[in-house]
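Per this note's numbering, the very first residue in the sequence shown carries number 6; after that it's consecutive.
Just so you know, the hints here were simulated from the structure itself, not pulled from any lab data.
Check the hints yourself; a few may be wrong.
To be verified - Label-pair distances were calculated between CB atoms; the ranges are:
1) Thr-60 with Thr-39: 10 to 20 angstroms
2) Ala-130 with Ser-62: 30 to 40 angstroms
3) Thr-60 with Arg-133: 17 to 27 angstroms
4) Trp-64 with Ala-130: 32 to 42 angstroms
In this text, a Cβ means the ideal position worked out from N, Cα and C, and glycines have one as well.
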Amino acid sequence: TDPSSPPMPSSSYRIAAPAVAAPKSAPPSAGLSTLDTAFRLWCLHEALKLLHEPTWSPWVLACGVAVAAAAVAPRQPLVALALTLRLCDTAMLMPFCWDSFYWCFQIDGGLLLLLLCAASADRDAVARSWAE
């Protein structure tokens, strides 16, 4: 710049503030996250499988209580407990089970590993990883 030129007004150097402020994030209780919805769908699937059990042993009741608790409050520790119980239940049936149980075993095992490895990760990031 030329030192002999008059100084420019300071307002020309200002950056205008945006007209619309960024929206504030909603409180956690305002809606369900993607992961909460996915957990609840998993709980529904497991509840339907439990309803088809021929006998209601204490083990089936314990699984049912864990799945119901995870459906009511879909937090990672409760879902991990329900997943662990259901994985043990499926493992006890093998090799005498339907082939769809093998698929459920693999998917649920992958989800359990994901939950254990990403315990401190963002809930939506865990949901995206599970969906991939």
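We went through each hint and held it up to the structure:
1. Thr-60 with Thr-39: 10 to 20 angstroms: Given range 10 to 20 angstroms: violated, Cβ gap about 36 angstroms.
2. Ala-130 with Ser-62: 30 to 40 angstroms: With Cβ atoms ~38 angstroms apart, the hint holds.
3. Thr-60 with Arg-133: 17 to 27 angstroms: Given about 39 angstroms between the Cβ atoms, the range is violated.
4. Trp-64 with Ala-130: 32 to 42 angstroms: Holds, at about 34 angstroms.
Going down the numbered hints, you'll see the structure goes against 1 and 3, while the others check out.
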